[in-house]
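*Asks:* Below are the chains, spelled out letter by letter.
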Amino acid sequence: MIAIIDYGAGNIKSVEKAFRFIGQECIVTADKDILLGAEKVVLPGVGAFGDAMEKLDSQGLDETIRQIVSKGTPLLGICLGLQLLFEGSDEAPGVKGLGILKGKVIKFPETEGYKIPQIGWNSLELKAGTKIFAGLPENPYVYFVHSYYLHTTEDIVAASCNYILDFHAAVEKDNIFACQFHPEKSGDVGLKILRNFADL
Amino acid sequence: MLTKRIIPCLDIKDGRVVKGINFVNLRDAGDPVETASAYDKAGADELVFLDITASSDSRDIKADLVRKISEAIFIPFTVGGGIRTIDDFKVILREGADKVAVNSAAIMNPALISQAADKFGSQCVVVAIDAKRRPDGSFSIFKNGGRIDMGIDAIKWAIEAVKLGAGELLVTSMDCDGTKNGYDMELTRKISENGGVPVIASGGAGTMQHFKDILTDGKADAALAATLFHYKEMEIKDLKEYLHKEGISVRR
Chain A
1 MIAIIDYGAG
11 NIKSVEKAFR
21 FIGQECIVTA
31 DKDILLGAEK
41 VVLPGVGAFG
51 DAMEKLDSQG
61 LDETIRQIVS
71 KGTPLLGICL
81 GLQLLFEGSD
91 EAPGVKGLGI
101 LKGKVIKFPE
111 TEGYKIPQIG
121 WNSLELKAGT
131 KIFAGLPENP
141 YVYFVHSYYL
151 HTTEDIVAAS
161 CNYILDFHAA
171 VEKDNIFACQ
181 FHPEKSGDVG
191 LKILRNFADL
Chain B
1001 MLTKRIIPCL
1011 DIKDGRVVKG
1021 INFVNLRDAG
1031 DPVETASAYD
1041 KAGADELVFL
1051 DITASSDSRD
1061 IKADLVRKIS
1071 EAIFIPFTVG
1081 GGIRTIDDFK
1091 VILREGADKV
1101 AVNSAAIMNP
1111 ALISQAADKF
1121 GSQCVVVAID
1131 AKRRPDGSFS
1141 IFKNGGRIDM
1151 GIDAIKWAIE
1161 AVKLGAGELL
1171 VTSMDCDGTK
1181 NGYDMELTRK
1191 ISENGGVPVI
1201 ASGGAGTMQH
1211 FKDILTDGKA
1221 DAALAATLFH
1231 YKEMEIKDLK
1241 EYLHKEGISV
1251 RR
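Going down the list, the sequences are from chains A and B. Sequential numbering of the first sequence, starting at 1, is according to my numbering. Sequential numbering of the second sequence, starting at 1001, is according to my numbering.
Hint data in this document are derived by calculation from the structure and do not stem from the laboratory. All C-beta atoms in this analysis are idealised placements derived from N, C-alpha and C, irrespective of residue type, glycine included. Do not take every clue at face value.
[To be verified] Covered stretches of chain B (chain A as the covering partner; in silico rule of three or more C-beta atoms under 8 Å from a C-beta of chain A):
no., region
1, 1073 to 1086
2, 1092 to 1098
[Said to hold, decoys possible] Okay, derived cross-link-like pairs now, DSS-like style, lysine-lysine, Cα gap no bigger than 25 Å in a straight line:
no., chain 1, residue 1, chain 2, residue 2
3, B, LYS1068, B, LYS1232
4, B, LYS1119, A, LYS96
5, A, LYS17, B, LYS1090
6, A, LYS107, B, LYS1119
7, A, LYS192, B, LYS1068
8, A, LYS17, B, LYS1041
9, A, LYS107, B, LYS1163
10, A, LYS55, B, LYS1090
11, A, LYS17, B, LYS1119
12, B, LYS1041, A, LYS192
13, A, LYS192, B, LYS1090
14, B, LYS1119, A, LYS55
15, A, LYS17, B, LYS1180
16, B, LYS1180, B, LYS1013
Taking the hints into account, I'd like the entire structure generated from these sequences.
*Replies:* As structure tokens, this is what we get:
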């Protein structure tokens, strides 16, 4: 069973529906016992960094996520869910992220000819040998909606992408997986990524 | 590289797909979920559903439609038509839509744009603009499906909508819609250059060259068409192949 963390963020239904579509049992919940007992956990999220951290902290879910990670349960962060795993974000100066992974979330610089947020399909540069992107075509297209991008200082990059600059689009470290784009909205490529996670 | 998007539009009435020529003469042609799924397989980057159901229970019909679509297709989609309140946004987004398009209600109550952007994020607020050329060459916006001239300048309205929190603009040229003579290059370019958010061009697509033109000189980020794809006058796959050969970045 896959548990999707319900902390009041948007777009959770789409993630749930995509997992159900590929035949996975899943539950959307904020119940700590269910989350800690799940085979796999997803941290989704659309919204603002500061607001999301506050919601996680106030429900004690930050601690639950740390426990999930330390007991080795596979965790998948999606979009804002990726950003929250890191130390902090330009979007909410002074607000601490979960800090499970090392890196910062930075605002795209205003640049002539580019619109912010990046909205749409962009191609990935995949690192060879990752579990999460196994069996995908070279440079697959995935769907992004974001104004902030990840720069990690750890050797955990699973995919990078270019928009205005090169940024880290996905990471993989032991049982932690996260992507800035939306696999649940990335057609067949996205469903394959979710299947890879489900099959871990 | 971020790709230009090709977006089929499905007009929905009472839960069925229809397409009006110049906003009248509706033709019934298909089940929304099946059509959406077919477009997904054909390579559509995104879908737009415009619900033109006029009945009082249209919100329930929309919610039901959105639920069914989001269980079957996994590419982004926008729902518009008859959106009036924050609750309308909430219901549609909760059922799985990625964006909500608002037109008349935003003109009558611009605060709806900022309220929706604050609550759900700009990325899911699409302001749809129906514009028609005036004798002096400027553009006026219309509400109620192109029936009522608001006497407001389209470029100014686009800038205002973005300031309020619109994350994307869906710009339909009423002059070009249904003609198949090409998109309105000037209208689209002006709004794209002044708005600062992605622009979806709509109305007038007839040939592959039209798509190329609007995505290059017209400065559109995405191009929308309905009848062309709906009646299989053009295959999305062929269109993307053509655009790729013309040097435009598309998802293939």
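*Asks:* Give me the numbers of the hints this structure contradicts, sorted from smallest to largest.
*Replies:* Hint check: 13 and 15 fail, others pass.
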